[in-house]
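**Q** Protein chains in written order, with our numbering: chain A, 6 to 333; chain B, 353 to 710.
FYI, nobody ran anything at the bench for these hints, they're computed from the structure.
Treat the hints with care, as some may be off.
Claimed, not checked - If you anchor each label on the Cβ, the simulated ranges turn out as follows:
no., chain 1, residue 1, chain 2, residue 2, range
1, B, A528, A, Q86, 47 to 55 Å
2, A, E9, B, Q576, 19 to 27 Å
3, B, D571, A, L92, 45 to 53 Å
4, A, A213, B, V573, 22 to 30 Å
Quick reminder that beta carbons are idealized off the backbone N, C-alpha and C, glycines included.
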Amino acid sequence: MSFELIIQQIIIGIQLGSIYALIALGYTMVYGVLRLINFAHGDVFMLGAYMGFYVALFQDQWAKQAGIPALAYTEKPDLFQSLLTLLPAIVIGMFICALIGWAIERIAYRPLRKAPRLTSLITAIGISLFLSNGAQLLFTSQVRFIPSVVPSGVEGTFQLSQNIVISKKLLILVVASALLMGLLWYIVQNTKLGKAMRAVSHDTDAAALMGINTDGIISFTFALGAALAGAGGVLFGALTSAKIFPLLGLQMGLKAFVAAVVGGIGSIPGAMLGGLLMGLSEAFVKGAAPIGSFEPSRWAEAVAFLLLIIVLLVRPAGLLGKFAPEKV
Amino acid sequence: MKRYLLIAVTLLLLFVLNFLLPATLQAVAFRVIMLSGIAIIMAVSLNLINGFTGQFSIGHAGFQAVGAYSSAALTVYAHKMLFPYLPENGYLPIFREGPLKDAQTLEAFLLTAPAILVSMLVGGTLAALIGYVVGLPSLRLRGDYLAIVTLGFGEIIRVAVENTDALGGSRGFDRANGVTIPGIANFFWVYLMVVVVILVARNLRFSVQGLSYLSVREDEVAAQAMGVNTTKIKVNAFVVGSFFAGVAGALFAHFEQSVLSSSFNFVRSFDFVTMIVLGGLGSITGSVLAAVVLTALPEILRSSLGAEFNQYRLVSYALLLIVMMLVRPQGIFGRGELSLDFLRRGKPKVPVTLPPGT
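Isolated chain A (complex conformation) (with noise of 0.2 Å):
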């Protein structure tokens, strides 16, 4: 492998890490609080890009009947005007999706808060797939696009050298995903609500002893995981050009929930180290020569979980994660 193939398989796997990062935020902070793997989390991202491909084809069309190109779905010549062109789609992509995580808390969750793990494991699966083949029926399995809001063609890449190019979409996509991270890392360590979500992570009864309204707490984490993954979704299909269909969830939500487990589960650095980690790994398989008759860009889909089993046979509390035995 070239160097300049190299840094551009990494520019790849930043490209994937970024989307694999957020969705993977959201898993670790229900872990967190509830100790839970949220199934249903990977579901709530493809809702995301479903809705991001909405609003696209609604604002397209009111944009072009009112008479503003500026805002229709069409390749902007700066990177400004794209931006712009896509903030409703990831407003709105978030707004509905944290309601949608609000609720599944309300509805699923919350009433088997003291059942036994394994009850509220089923529910958190029969969630994933009352949504996934909910989704099927109402939206069909017909493949779905976001238009792009990017130029294609040289004048969407910055070229860095003869071979090395790096496209602005994947650039906005990077920067909009460090932003929303920022963001989540601001108000988890500044305000006073994501002081009280640690609070909550470190021990619920302790928390709720000291006045801080646990219930609540837990529903603010299950609607901001639920508002990154929708983000998530929304850039996904504007940006990397990507189908969206009804099983995107369960795919993505997998890998996702893997780097989520390799950074170290309930550790918010450690999703984003394992979200950058999967995708680098992901890029650099598929990019990889064969090596005769065996071609290891087929085995992609398996890497995330060859990673994962390796990962809990030699550090089984992820890369970043504190290992804590089970108190009494």
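Model the placement of chain B on the given structure of chain A, informed by the hints.
**A** Same frame as chain A, but now just chain B:
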């Protein structure tokens, strides 16, 4: 003495039914009976892992795939060497006329017995081995990791199979792809394995070993404090469960004569989870009943409602599961068993459920 008599009667009954059923039933009904049997093996063996030991595997179909592909590869590629008498076209000689029309001949039954036995053994053993490799790292940790690892394992199997041209790749391992899997899984073998898996599950439940399974489910920390090697117990249950999933896979491959990677995907694993949750985690009769109902019902509904029914099937399964968890998390039968004890008056009833420990 009574025990041997019971075994002999069961074998005889299975043997007679093996010839009677295909001859008397419609093809569709017979197919439902066979698929129900395979589903029972899957559900009861998954119940060993999820119901008895309280772990949570959601990739059981992955182990079925291991059994199906490995045993089918064995009979397809090695049958000339190992079983030279298997029919070249894959079809067993059957009675063409008379009262046993459509049933296999006695000669075919005897000749294919070693082949199906070996393929079940190979499929089961390989699945158990892989179950050990997959289970060991994840079962050392807390239960919810197993869920994600088994789910991921199912994906790895799918990718591996789709990239192996010798197993048909993504096009499938069947006649459409120029491969003939001999149809040697008959009623006798399927229901013999049903009886075996139920007996194994029942005997485990009431043995000392089984009690340690239950103790891990009830309270892992307490079990450990009482000297139960919890990791070993969990791995045990997982390996036994995987073995039977592999056996079910071998039976499935040699009944359907076709193995597609899509028959063992996540959705299929989820079907088995639905079965044991509905029947009651830890209830053997519950999972048997749920396996039969959830196999037969879709077939009946499909023939009466048409193909669009399948769209609603998964949504309704998911809803059923959520509502079940919210309203009656222990399943229809809970941990109890359906029995005919109530017919025997006067005999004191033996309690079979443990008091709720959590």
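**Q** For each hint, tell me whether it holds in the structure or not.
**A** Going down the list of hints, with the structure as the test:
Evaluation of the 47 to 55 Å hint for A528 of chain B and Q86 of chain A yields a pass: the beta carbon distance comes to about 52 Å. With their beta carbons about 54 Å apart, E9 of chain A and Q576 of chain B fall outside the hinted range of 19 to 27 Å. Our hint of 45 to 53 Å for D571 of chain B and L92 of chain A holds, since their Cβ atoms are close to 52 Å apart. The supplied range of 22 to 30 Å is met by A213 of chain A and V573 of chain B, whose beta-carbon atoms lie about 23 Å from each other.
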